[in-house]
Amino acid sequence: MSDPTRSAAGPARRAIVRWAWRLFRREWRQQLLTLTLLTIAVAGTVWTSTVAVNGGSKARSTLGDAKAMARIDPQDPSAVKSQLAAITARFGAYEVVPHTSTTLAGLAGAVDLRAQDPNGVYSHSTLALRSGRYPTAAGEVALTSSIADALDAHVGSQVVLVQTSWTVVGLVENPRNLDDRFALVAPSTPLPNETLIVLLGAVPQARGTPAGGASPQIDVVSLGDDNSGVIVLVIAAVTASMALVGLVAASGFLVVAQRRQRQLGLMAALGATDRQLRMPLVVTGALVGLASAAIGTVVGLLAWFITVPTVERASAHRIDRLDVPWELLALGIVLAIIAAVTAAWWPARTVARIPVMSALSQRPSPPLAVHRSAALAAIALAGGVVAIAQAKPGNTAVKPWLMIIGLLAVIAGTVLIAPSAIRLLAVPARRLPFGARLALRDLARFQARAAAALAAITLALAIAVATAVVAKASVDEQGPGNLSDRQLLVSAGTTNGPFAKTITPTDVASLDTAMTSLAQAIGAASPVPLDLAEPSATGTRVPEPVMVATPVDHGGGFQDGGPAYVATPTVLAHYGIDPSTIRPETDLLTNQSGVVLLDVSARPPPGTVTTPAQHAELSPYGDGPRALITASAMQRHGWTEVRAGWLIESSRPLTHAQVSAARRAADAAGLVVDTRDTKDRVATLGRTATIVGAVLALAILAMTLGLIRGEAAADVRTMTAVGAPRRTRRAVTATAAAALAIVGVVLASAGAYIAIVAAYRSDLSRLSSPPTGNLLLLAVGLPILAAMTGWLLAGRQPPHLARVPG
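Taking my numbering, I'd label the letters of the sequence shown as residues 7 to 812.
There may be inaccurate statements among the hints.
Computed Cβ-Cβ distance ranges for the label pairs, DEER-style [as the list claims (entries may be wrong)]:
(1) Thr778 <-> Asp280: 48 to 56 Å
(2) Arg324 <-> Arg658: 25 to 33 Å
(3) Thr522 <-> Pro80: 40 to 48 Å
(4) Gly600 <-> Asp329: 42 to 50 Å
(5) Met794 <-> Arg589: 52 to 60 Å
(6) Ala531 <-> Ala99: 51 to 59 Å
Pairs of lysine-lysine, DSSO-like flavour, derived with a Cα cap of 30 Å [what the hints assert, rightly or not]:
(7) Lys73 <-> Lys405
(8) Lys73 <-> Lys87
(9) Lys73 <-> Lys398
Hints were generated in silico from the structure; no laboratory data involved. Built from N, CA and C at the ideal position, the CB exists for glycine as well.
Kindly generate the complete structure, drawing on both the sequences and the hints.
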């Protein structure tokens with residue numbers, strides 16, 4: 007005999023699902039708000055996880071698919087044969103790529119000339135043809151775009167490399183490293199002073215082991231993959247994004263549950279069980295979760311396809327648009343649906359337990375004790391810090407599960423502190439105007455919904471803050487670079503450095519005139535001549551310029567610190583240094599610490615090197631003037647000024663055309679031009695991710711204003727009925743939005759820094775320079791924007807003053 011209760015449960019469940027579907031269709035405008043929020047969050051998850059996987063640096067960017075490499079000097083052909091035979095016996099297949107370094111007219115630094123086979127066993131993935139064809143015969147060459155631009159060459163041009171004329175037959179690149187600057191010639195082409203790079207497909211047991219038998223020892227180097235940075239980035243992106251999806255869904259479904267409170271009260275009065283009361287909201291959550299997951303994935307993938315060129319430029323390697331972590335995206339979609347259903351189930355459970363009379367009267371639930379959430383927040387934050395620290399995110403052996411647990415704990419702690427922050431907003435309310443006072447007290451009264459919205463805003467902002475801080479720390483670690491993007495350094499340099507050669511006194515006058523014309527041609531100020539100090543010649547030894555060095559031990563060892571220029575009046579005026587402020591006993595003006603002047607031709611005994619130095623604000627860039635030798639030091643040591651080059655500085659970043667023109671002019675004068683070689687990849691990627699995170703935060707904040715306006719609807723109707731002016735009605739929503747934005751920025755900054763400090767605990771000095779501009783933009787700009795948006799949205803008079811939406 008069948009159970010009548012069980013037989014009736016099926017039709018009742020189907021009826022409730024049909025009712026939930028009708029409610030979803032009837033409330034599509036309100037559901038659209040939550041759907042949009044979740045779609046944005048899912049799209050952000052798809053985009054960030056894809057960028058995190060593909061944006062990391064590719065391993066073996068120069069050596070392709072090889073697992074190890076060896077370097078052979080081809081001076082003795084018989085020795086080369088025996089070494090290659092030993093390599094074959096031990097490692098099997100190999101590939102030989104001859105390399106040599108050369109210089110280009112007007113271009114500072116070395117250029118790699120390589121005779122590489124485009125179909126090589128291991129190196130084929132490091133070559134890609136952009137136009138033309140690969141060189142196949144003697145006298146043919148293919149150039150990368152940077153070299154072609156420097157030589158103003160194109161397919162069919164004639165160029166001179168290593169004192170040989172070559173015909174350009176194609177433009178190539180290294181798709182694994184777009185900054186790789188090289189010229190490609192046909193395989194087996196003999197190169198002067200070449201070095202043989204042998205690529206191996208097997209990993210040796212140890213470095214420097216003999217390659218077999220009695221053969222000469224060959225230094226074989228393994229090429230390991232260090233993906234710890236990518237792993238940490240992916241873990242952080244996916245964990246934070248999934249938490250964001252859950253919080254956005256919770257904030258939306260809390261409002262939906264409150265809106266349906268009277269309807270659920272009627273169902274309870276008719277005898278519905280708790281499970282039947284929860285089902286309509288859970289079904290709504292499943293529908294919204296499915297729709298947002300599908301639409302968000304499509305939007306995220308479209309954003310990825312559009313931004314691939316930007317990510318390629320930032321990460322300096324080519325990326326296949328279809329190289330998407332599909333398994334990770336599938337997991338994200340499933341988690342997004344689960345998060346939406348869970349976020350709907352919790353408020354449904356809370357509303358289902360409200361007494362029938364309280365539900366019918368739509369009374370807000372009493373707020374939870376604040377001290378409980380604050381204590382739980384402290385415990386969660388402490389546990390998260392410990393877990394992140396133990397996960398060792400900066401180590402190659404990062405522990406993913408500990409990293410995920412730590413991030414979730416920090417996020418949970420930041421979320422749990424939200425109710426306490428909401429309650430604190432009511433403290434200054436008594437001293438504010440009526441509209442602002444009402445807004446802050448309503449936030450405290452509807453604490454559950456306001457705290458959920460604040461948690462979603464906080465996490466979105468925390469992603470932007472953390473991205474900005476990590477990007478700034480990475481940029482600071484790289485240093486400011488060799489020059490700024492507004493500077494040119496013109497010299498007679500060689501491959502050994504920009505000032506390996508000096509300029510003869512007879513050429514100085516004519517070159518000064520040429521550099522002045524060059525500066526005028528690119529719209530720069532007058533060039534700043536840079537002189538070096540040269541000791542007097544002794545015997546047959548050619549004197550070397552005095553340089554700056556750092557003593558590294560007590561045995562007379564030194565570390566090169568770059569050139570030391572003469573503090574001429576022109577250089578002092580360029581950096582705003584008054585000569586009268588220089589002490590008579592000072593030998594060196596510098597912005598570096600622990601450096602000394604080193605005269606290589608007359609090196610003092612170990613332990614006796616001291617240089618009277620004085621701090622001065624000079625160039626922060628590596629190739630700029632960072633150390634100046636005073637006039638009194640020149641006289642004391644008997645050193646002579648010799649011209650080394652010129653620093654040309656424009657008032658705005660130099661264009662590609664200006665740099666090319668400067669190189670041609672320098673080449674005509676027998677000089678070379680050094681420009682900024684730091685590509686700022688991390689900074690560019692950080693700025694891109696920061697912009698995306700900020701836009702996501704702004705979108706969530708703007709969408710949350712609709713939820714805030716819905717919460718204040720009853721108060722707005724009452725104020726309208728009693729004749730309150732429009733500015734008072736506007737002030738309610740504007741104040742609530744601004745208050746949530748301010749508290750969100752504070753909590754986000756605190757939570758982000760707690761997690762980052764735990765990750766960088768071994769080197770906190772990298773966090774000494776915070777991204778002040780980004781933080782000020784969030785701290786000042788977001789509240790103003792939120793207040794303006796709330797003010798504009800809240801001016802319309804409610805269409806029904808007495809009707810309560812049900």
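Against the structure, the hints come out as follows:
{"no.": "1", "hint": "Thr778 <-> Asp280: 48 to 56 Å", "verdict": "holds (52 Å)"}
{"no.": "2", "hint": "Arg324 <-> Arg658: 25 to 33 Å", "verdict": "holds (31 Å)"}
{"no.": "3", "hint": "Thr522 <-> Pro80: 40 to 48 Å", "verdict": "holds (47 Å)"}
{"no.": "4", "hint": "Gly600 <-> Asp329: 42 to 50 Å", "verdict": "holds (46 Å)"}
{"no.": "5", "hint": "Met794 <-> Arg589: 52 to 60 Å", "verdict": "holds (55 Å)"}
{"no.": "6", "hint": "Ala531 <-> Ala99: 51 to 59 Å", "verdict": "holds (58 Å)"}
{"no.": "7", "hint": "Lys73 <-> Lys405", "verdict": "holds (25 Å)"}
{"no.": "8", "hint": "Lys73 <-> Lys87", "verdict": "holds (22 Å)"}
{"no.": "9", "hint": "Lys73 <-> Lys398", "verdict": "holds (26 Å)"}
Of the numbered hints listed earlier, not one is contradicted by the structure.
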